[in-house]
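**Student:** The lines below spell out each chain.
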Amino acid sequence: MLNKSQKPTEIPIYKKIIVGAGTQIANYIIILFISISIGALVIFLSGMDPLTAYLALIKGAFGNWIKTADTLDRSTVMILAGIAGTLAFRTNVINLGLEGQLYIGAFAAALVGFSVTGLSKAVHIPLCLLAGMLGGAMWTLPVIYMKLRWNITELVTTLMMNYIAIRFTEYLIAFPFKDPTARLAGSPVLEASARLPKLIQGSTLNIGFIIAIATAIFSFWFLFKSKTGYEMRMVGLNKDFAAASGIPVNRSYTLAMMMSGAIVGLGGAIMITGFFGRFLGSFSSGYGWDGMMIALLAQNHPLGVIPASLFYGALANGALAMQSATGVPQTVVVMVKGTVMFFVTVMVFVRFIRRRLTKWVT
Amino acid sequence: MAEAIAADNITKTFPNVTANDCVTVSVEEGTIRAVVGENGAGKTTLMKILYGLYQPDSGTIRIKGEEIKLSNPRDAISRGIGMVHQHFMLVPSFTLAQNIVLGVEPKKRIFIDENQLNESVQQISEKYGFDIDTQKLAVDASVGEQQRAEILKALYRGADILILDEPTAVLTDMETKELFVMLRNLMKSGITILFISHKLREVLEISDETTVMRNGKVVGTVKTSETDSHKLAEMMVGRDTIGGRIRTSCDVKDAVLTIENLSVLDSRDLQAVKNVSLKLCKGEILGVAGVDGNGQEEFVEAIMGLRPKIKGKITIDGKEIQDLSTRGIRESGVAFIPSDRYRSGIAMDALIWENIIAGDYYSEPFSNGLSLVMKEVLDTSEKLVKKFQVSTPGLKVKTGNLSGGNIQRVIAGRELGLKEAKVVIASQPTRGIDIAGTEAIRQMLLEYANRGAGVLILSADLDEVLALSDRIVVFYEGEISDAGYWDEDIRSRVGQLMTGGEGENNAK
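Residue numbers (this note's numbering), protein chains in the order written: chain Y, 22 to 383; chain G, 114 to 621.
Isolated chain Y (complex conformation) (with noise of 0.2 Å):
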């Protein structure tokens, strides 16, 4: 039988924050608690000092105005990255070829960008990003149909497709669009007309940031709220469930794969035609598999992408100033984020240490 749920007596607020059953908040400060103490430990041991090496950090992170646009900059792909993995997870599609599709639809938007001229900003820009959407999903088609057609798993064929679009685009840039100006391989220069606007002065954060949110916010509705965003969970929680309830699975399959190529491919397109202005060989430094570990990070929530996009966008930023004000390596930021990671995945150890806590605050 139902119950009306009673109504919580009033406990205050740092006892919710670390009593309150079933806040993720609580589960991360923690996490985040630890993997730093961690992190200001091999700072320690290795004669440095954590606190300074930390500030360094955390002012080149967001120091100042252009410094935190510069981060929400960075994290632009890392949401729709995130967002991506996050879609496919959820419908238990395991892409891993997130890189290859960021690549492919990076060099579609960007073929659009130098070789379509003579449009208006309004539109220009718009066939750009649809360039990059279509190819990133277009990416998944030959993982989509050796699945279905010879149940392949997605595990290894997205996998291997990572490295058949990186140096396919690579041959694209070496031989038939190269730019025979540029001294480095590289496309052609975008016109005018297909780069995004930028949103600060003396900053290269543009409008990509505000599609990206808007595209979290939409996988938000879209998984919880829509009807195919129920296919797809429920499809992902169990497929035989889903196969005798009439849910068609090998849609809802091909339908997570194409829209996770699609946004990773549209991350793609927004740093090419907001940040580099061209396509650049090996321009990801691994967004695709932070896109992963942002999924994992999120817990496979569209929203909670956007706070671990940040994270991992500040950790990138920062830690290159870190290093160059204190001497202290970059490298134990990738320990953090590790640790972070690391936690995570082992929540249940989190949950333990969150019922110590309990004990010991009430």
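Since the hints were made in silico from the structure, they are not lab data.
Everything numeric in this text was worked out from a predicted model, so none of it was measured.
Hints are not guaranteed to be accurate.
When the alpha-carbon atoms are kept at most 20 Å apart in a straight line, the in silico DMTMM-like pairs for lysine to aspartate or glutamate are as follows [as the list claims (entries may be wrong)]:
#, chain 1, residue 1, chain 2, residue 2
1, G, 532, G, 473
2, Y, 260, G, 453
3, G, 488, G, 473
4, Y, 246, G, 489
5, Y, 260, G, 379
6, G, 336, G, 170
7, Y, 248, G, 489
8, Y, 248, G, 592
9, G, 422, Y, 261
10, Y, 248, G, 477
11, G, 511, G, 533
12, Y, 260, G, 473
13, Y, 246, G, 477
14, G, 535, G, 473
15, Y, 246, G, 495
16, G, 161, G, 188
17, G, 395, G, 373
18, Y, 248, G, 444
19, G, 511, Y, 261
20, Y, 248, G, 462
21, Y, 246, G, 462
22, Y, 246, G, 473
23, Y, 246, G, 492
24, Y, 248, G, 492
25, Y, 260, G, 462
Far from chain G, some chain Y residues (derived; all Cβ distances over 10 Å) [said to hold, decoys possible]:
#, residue
26, 144
27, 148
28, 166
29, 180
30, 184
31, 199
32, 212
33, 223
34, 228
35, 247
36, 259
37, 306
38, 324
39, 347
40, 352
For each residue, glycine too, the CB sits at the ideal point set by N, CA and C.
Start from chain Y and add chain G according to the hints.
**Tutor:** For chain G alone, coordinates are given in the frame of chain Y:
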């Protein structure tokens, strides 16, 4: 002759069920003992106790006259007991010889002595007259060869008491014959064999004595030469056919579900259902009995469009449905309660309302075409939860947190409570749930039949099938035979057919 192995007053209980209830069995040295019984009769539990996999709650085990406590299989092996499970446990990339010695390899310093290994395996397989190429990789070996390797594995470890769990279930007729020749050879060399089976024909052929179990108890042990399949079947299913029958009247009109010449391939491309034809009438409850794994599961999955490789014709109210998707079949008016509720009945990590709307989420009133209409979804779910008496703190609870009985109520509510079905297919509808839940679900199925739907009930629990059905058909090795309309002798007829005996008439 001396006693090889004996169980004395063994009782073993699991939550909700007494698997073995004061079981006493004694097997003489150098004989073949068959243990027969329906699913859930407690055969496998008893064997696992004798092999040290389970510890009995009370009672003792004697091996060669000595009272022994077996705390794990290693104890059992050291006492000369070997067990061959139904599912083989071989390393696919090893040769059969390597699998046979796995864990007790002959060694030369720290290396495995391959020559010695092959030689000793060869010796032992010759000693017992096994025809087997031990250099074959396990992955390339046929099922029969794998089984032989498993038996040799036990013998290599010095077993003189062999326990075989349904050894013929996976074998072809030819392989079964070969197995029996080998078992006789083993018996002649003084090995004691216990084997579990459902197939009375085989039991009669190979065993010296047969122990029959029912509901965790030993019904009796008989000399096989002094019995026949009729007597054994009667012991297996019992005589108490009267009583417990819920359904009293029936009103059979025209056929609502017809199946013509249905053949289904299973996931290994073997023919699981062979040319089956069946008619289900409006208002009729048709019981489908049979020992698990005889094709009944594939049969219902084929009706529901969940099996890709089928041949034949299926109609509902005259409309062909065999080529429709699962959704199309459901829209034709079929409700489906799957046998394994955790595998295909629900998503454990989905919320209760998410499980409730799984069959109908896409249409009015739950969806406006684009998004879910949450108010409607939650209102309907709440009504359903109340009506079907699901005990839950709320609708936004993970379904996996509910008890098995409540989960089954959620499934039953979804399938029977949201719209009016013409055909209800209920596979193991009350497996593993409490008495109140069982009663409630049975009552719902009866109501459906009374309202004029055709109800198909599959159950491993023969009592359930007998209690509810107007008519019973039996699956045996992918074929169907008709046990006819309910009367006082139906239990013995079903028992016969379940174990491979001849039916009087074939299904119409």
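**Student:** Please go over all the hints and tell whether each is borne out by the structure.
**Tutor:** Verification of the hints:
1. 532(G) to 473(G): 9 Å, holds
2. 260(Y) to 453(G): 14 Å, holds
3. 488(G) to 473(G): 15 Å, holds
4. 246(Y) to 489(G): 13 Å, holds
5. 260(Y) to 379(G): 18 Å, holds
6. 336(G) to 170(G): Between residue 336(G) and residue 170(G) the Cα gap is close to 29 Å, so the pair fails against 20 Å, i.e. violated.
7. 248(Y) to 489(G): With a Cα-Cα distance of about 14 Å, the restraint between residue 248(Y) and residue 489(G) holds, given a limit of 20 Å.
8. 248(Y) to 592(G): At roughly 41 Å apart (the allowed maximum being 20 Å), residue 592(G) and residue 248(Y) break the hint.
9. 422(G) to 261(Y): Holds: residue 422(G) and residue 261(Y) sit about 17 Å apart, inside 20 Å.
10. 248(Y) to 477(G): 12 Å, holds
11. 511(G) to 533(G): 27 Å, violated
12. 260(Y) to 473(G): Status holds; Cα separation ~17 Å.
13. 246(Y) to 477(G): 15 Å, holds
14. 535(G) to 473(G): Cα-Cα ~16 Å, so holds.
15. 246(Y) to 495(G): This hinted pair holds, its Cα atoms lying about 19 Å apart.
16. 161(G) to 188(G): 13 Å, holds
17. 395(G) to 373(G): OK: residue 395(G) and residue 373(G) at ~17 Å, within 20 Å.
18. 248(Y) to 444(G): 18 Å, holds
19. 511(G) to 261(Y): Between residue 511(G) and residue 261(Y) the Cα gap is close to 18 Å, so the pair holds against 20 Å.
20. 248(Y) to 462(G): 18 Å, holds
21. 246(Y) to 462(G): 17 Å, holds
22. 246(Y) to 473(G): 15 Å, holds
23. 246(Y) to 492(G): 16 Å, holds
24. 248(Y) to 492(G): Holds. Residue 248(Y) to residue 492(G) sits at ~17 Å (cutoff 20 Å).
25. 260(Y) to 462(G): 12 Å, holds
26. 144: At about 28 Å from chain G, residue 144(Y) clears the 10 Å cut-off, so the statement holds.
27. 148: Answer for residue 148(Y): holds, closest chain G Cβ roughly 26 Å.
28. 166: Non-interface label on residue 166(Y) holds, nearest chain G Cβ at 17 Å vs cutoff 10 Å.
29. 180: 24 Å, holds
30. 184: For residue 184(Y), whose nearest Cβ neighbour in chain G is about 28 Å away, the distance exceeds 10 Å, so it holds.
31. 199: At about 46 Å from chain G, residue 199(Y) clears the 10 Å cut-off, so the statement holds.
32. 212: 36 Å, holds
33. 223: Correct as stated: the minimum Cβ-Cβ distance to chain G is 42 Å, above 10 Å.
34. 228: 27 Å, holds
35. 247: 5 Å, violated
36. 259: 4 Å, violated
37. 306: Per Cβ check, residue 306(Y) is outside 10 Å of chain G; nearest 34 Å; holds.
38. 324: Given that every Cβ of chain G is farther than 10 Å from that of residue 324(Y), nearest at about 17 Å, it holds.
39. 347: 45 Å, holds
40. 352: 37 Å, holds
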